[in-house]
Amino acid sequence: MSEFYQQMESWLHTQQQYWQQLASSAPLDTLTSATTPVAMAELISRLGSQGEQFRRFGENLLQQASLNQPLDTQLDAFVSYIQQQQTDLLLRRWQLPEPIISMLRGQNLLDSQLTPFGDSLKAVLATALPGVTASQRARMLAGAELYTQYQQALREYLIQANQINLQARDQLAETLNTAEPPINSLTELHQHWSRHYDSAYREAVFTDSYQQAYGNISNALMQLQSFIQQWRDEQYEQAGLVSLPLFDQVLKQQQQLRKQLRKQQQENLRLQQQLAQLQAAPWQPMMEQMQAQIDQIAHQLAAFSHKDDA
Amino acid sequence: MAGFQFDPAQLSQELQAFNQQLAQSYQTLSEIREVDVWQTPKTEIYRQDKLRLYHCPAQGEQRCTTPLLISYALVNRIYMIDLEPERSLLRRLVEGGLDVYLIDWGHPDRADRFLDLDDYLNDYLNNCVDQVCQHTNSDQLNLLGICQGGTFSLCYSALHPQKIKNLITMVTPVDFHTPDNMLSALARYVDTDLAIQCYGNLPGELLNQTYASLMPMALGVQKHLDMPGQLQNTTQALSFLRMEKWLEDSPDLAGEAFREFFEQFFKQNLLIKGEAMIGGQRVDLKQITQPVLNIFGSHDHLVPPAASQALKQACGSKDYEALELAAGHIGVFVSGKAQTIVAPKILNWLQLRNQG
Chain R
1 MSEFYQQMES WLHTQQQYWQ QLASSAPLDT LTSATTPVAM AELISRLGSQ GEQFRRFGEN
61 LLQQASLNQP LDTQLDAFVS YIQQQQTDLL LRRWQLPEPI ISMLRGQNLL DSQLTPFGDS
121 LKAVLATALP GVTASQRARM LAGAELYTQY QQALREYLIQ ANQINLQARD QLAETLNTAE
181 PPINSLTELH QHWSRHYDSA YREAVFTDSY QQAYGNISNA LMQLQSFIQQ WRDEQYEQAG
241 LVSLPLFDQV LKQQQQLRKQ LRKQQQENLR LQQQLAQLQA APWQPMMEQM QAQIDQIAHQ
301 LAAFSHKDDA
Chain B
311 MAGFQFDPAQ LSQELQAFNQ QLAQSYQTLS EIREVDVWQT PKTEIYRQDK LRLYHCPAQG
371 EQRCTTPLLI SYALVNRIYM IDLEPERSLL RRLVEGGLDV YLIDWGHPDR ADRFLDLDDY
431 LNDYLNNCVD QVCQHTNSDQ LNLLGICQGG TFSLCYSALH PQKIKNLITM VTPVDFHTPD
491 NMLSALARYV DTDLAIQCYG NLPGELLNQT YASLMPMALG VQKHLDMPGQ LQNTTQALSF
551 LRMEKWLEDS PDLAGEAFRE FFEQFFKQNL LIKGEAMIGG QRVDLKQITQ PVLNIFGSHD
611 HLVPPAASQA LKQACGSKDY EALELAAGHI GVFVSGKAQT IVAPKILNWL QLRNQG
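From first to last, the protein sequence lines stand for chains R and B.
Counting from 1, one number per residue, gives the positions in the first sequence under our numbering.
Counting from 311, one number per residue, gives the positions in the second sequence under our numbering.
In isolation and in its complexed conformation, chain R is listed as follows (with noise of 0.2 Å):
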């Protein structure tokens, strides 16, 4: 054990000097701050974010190590680390717009977690609720049936996600039996990992199922957002204001005329063109037609001479 608490001390020392060496250089509100580029501001916060569970994991691994963990608990260990960080990208990725989050709880279809509700919100829907007509509850149902969808499509894509994991996994494994020097750093871990997943995720790109999935998530995720763009542009003409609908058939009407009037300008500037050239030369179409004539004439007698000749 006293080499573990020994380990722990000059841990804690390490740490002292990095929060030491961070307090000395920028303030970190001083890099977000209103002086700071906003995509600059972005990648510091991805920076920091990024950092500090590598630093973490590194801790973990740190104890782990000086408690003599086995390596298979460790190699475990970090890919559940990295497998949460990249299933909370896909979340990010293919979660709902919070406006949209917004909107289906004050229409009671959500509850605060956006946990699935499914069958028993429909079997609610189904029944005759107070003050609600039956178009808004057969719009409802369609709203709930769409949801469902999506939760579906999310969860085939997440097994999608899991199954390349558990490939890059095996190949990961396979590569720490036997790396040759062996891999003694997180970073040549992190990099060995980055590697395997990439490849293990283009395989199964090119399979019909990942991109059934691919497609079923993109597609719920745009019905589901269309649904209820539909359904505010609905109010909004009820409020007798102009819906995104409307407002596209005018850009559509202004998008034709425009094309209309481009072609006449195209026409109109090539007959000016050539009205120009017959001011130019206004002989000169009669004269090219003659010409082509007094070639042909030219190629028939010459034809003619070497049949003659022969």
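No wet-lab data here; the hints were simulated from the structure.
Keep in mind that this is a model prediction, so the values were computed, not measured.
Treat each hint with caution, since some may be false.
[Said to hold, decoys possible] Cβ pair distances, simulated, as ranges:
1) B/Asp-449 - R/Lys-263: 39 to 45 Å
2) B/Thr-375 - R/Arg-262: 29 to 35 Å
3) B/Ser-448 - R/Gln-266: 18 to 24 Å
4) B/Arg-357 - R/Ser-209: 45 to 51 Å
5) B/Gln-349 - R/Lys-263: 24 to 30 Å
[As the list claims (entries may be wrong)] Calculated lysine-lysine pairs in the DSBU-like style (CA-CA distance at most 30 Å, straight line):
6) R/Lys-259 - B/Lys-596
7) B/Lys-352 - B/Lys-555
8) B/Lys-596 - R/Lys-263
9) R/Lys-259 - B/Lys-473
10) B/Lys-577 - B/Lys-596
11) B/Lys-628 - R/Lys-259
12) B/Lys-583 - R/Lys-263
13) B/Lys-360 - R/Lys-252
14) B/Lys-596 - B/Lys-628
15) B/Lys-628 - B/Lys-655
16) B/Lys-577 - R/Lys-259
17) B/Lys-555 - R/Lys-263
18) B/Lys-360 - R/Lys-263
19) B/Lys-583 - B/Lys-628
Note that the Cβ used here is the ideal one computed from N, Cα and C, for glycine as well.
Fit chain B to the supplied structure of chain R, relying on the hints for placement.
Structure of chain B alone, referenced to chain R:
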């Protein structure tokens, strides 16, 4: 696990080094006030709606009398070829004596929702071609297209062959259904009409996420972990941040143009079949008989080499040349090789075909 050995003392040192790097990164970032890009001198010579056409005059002795017009993809900004003076394909071309014109397509908004490929090619691009010819008093110009801009250049050259003297394509997809095309594989079951109904214009951010998702670890977790190493001093950090700035600066894609491109090119692969239609006209790549230089990267994960190489058989040019670079999609124009191999190649190739 013979190949996996952790020494707690070494791990402790590694974490300490990482922490130091992280602290230094914050320090470096605090010293940067502006991330400047696109520094090669340029003048705006034409604008239409959100499009801008810029002129970068040749520096030193003019090598080629025919002007060069560069068209980039709609989904990113053209200053990719001019991120910083040391990594600027544009600067190398201008210094090499080329008169260069650049199209910046701009950021479409909801009002541009119905712009289609006909508008982009037969209106915007065509007007830019005419403007450049007028500006230089030429009948023709050399056209260089990058990525989707390359596909546009091919379509334009096929539809208006008389206006293009020489054609250069860089990392340009021609056959969208090669077996290694990840984007087409992902797109297979995505409902394009629904996407347009849902978003109007396709958000640039969504496209960026899709590109990054092609290598989820290398361009995700791993990239973030490597970041402190790129931010140790201001010069290095600025280089990194310029690229990040470009990556983030992704215009949305006009809805109708996206739908046409996605359906005809990605889903149905009509360009290579000679069946793509733009503004009611069939795009026949065999109409491209002018000299063609096709540049692509052997490690390109977005546009696999085979997708670009298909141009050789598809076009009608008898003067076709390919340049394969050991680089990725972006490396083809920002890497050291872009400066030492690509730029000189373009300069020499154009100079040789300047007359006649």
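Against the range 24 to 30 Å, how does the distance between the Cβ atoms of B/Gln-349 and R/Lys-263 compare: consistent or not? violated (40 Å)
Would you mind confirming whether the straight-line C-alpha gap from B/Lys-555 to R/Lys-263 stays at or under 30 Å? violated (39 Å)
Holds or violated: B/Lys-577 with B/Lys-596, Cα cutoff 30 Å? Holds, at roughly 22 Å.
Beta-carbon spacing of B/Asp-449 to R/Lys-263 - inside the hinted bounds 39 to 45 Å or not: The hint (39 to 45 Å, Cβ to Cβ) is violated, given that B/Asp-449 and R/Lys-263 are roughly 23 Å apart.
B/Lys-583 paired with B/Lys-628 [C-alpha distance capped at 30 Å]: holds (20 Å)
Sort out whether R/Lys-252 lies within 30 Å of B/Lys-360, counting only the CA atoms. Holds. B/Lys-360 to R/Lys-252 sits at ~18 Å (cutoff 30 Å).
Can the restraint linking B/Lys-352 and B/Lys-555 be considered satisfied, given a maximum Cα separation of 30 Å? holds (20 Å)
Is it true that the CA of R/Lys-259 sits at most 30 Å from the CA of B/Lys-596? holds (27 Å)
Take a quick look at whether B/Lys-596 and B/Lys-628 sit within 30 Å of each other, Cα to Cα. holds (11 Å)
Is the hinted pair B/Lys-577 and R/Lys-259 satisfied, with a Cα-Cα distance of at most 30 Å? holds (26 Å)
Restraint status (C-alpha distance of B/Lys-360 to R/Lys-263 at most 30 Å): holds (20 Å)
Should the hint that B/Thr-375 and R/Arg-262 are 29 to 35 Å apart at their CB atoms be regarded as holding? The hint (29 to 35 Å, Cβ to Cβ) holds, given that B/Thr-375 and R/Arg-262 are roughly 31 Å apart.
Checked against the numbered hints listed earlier, the structure breaks hints 1, 5, 11, 17; every other hint is satisfied.
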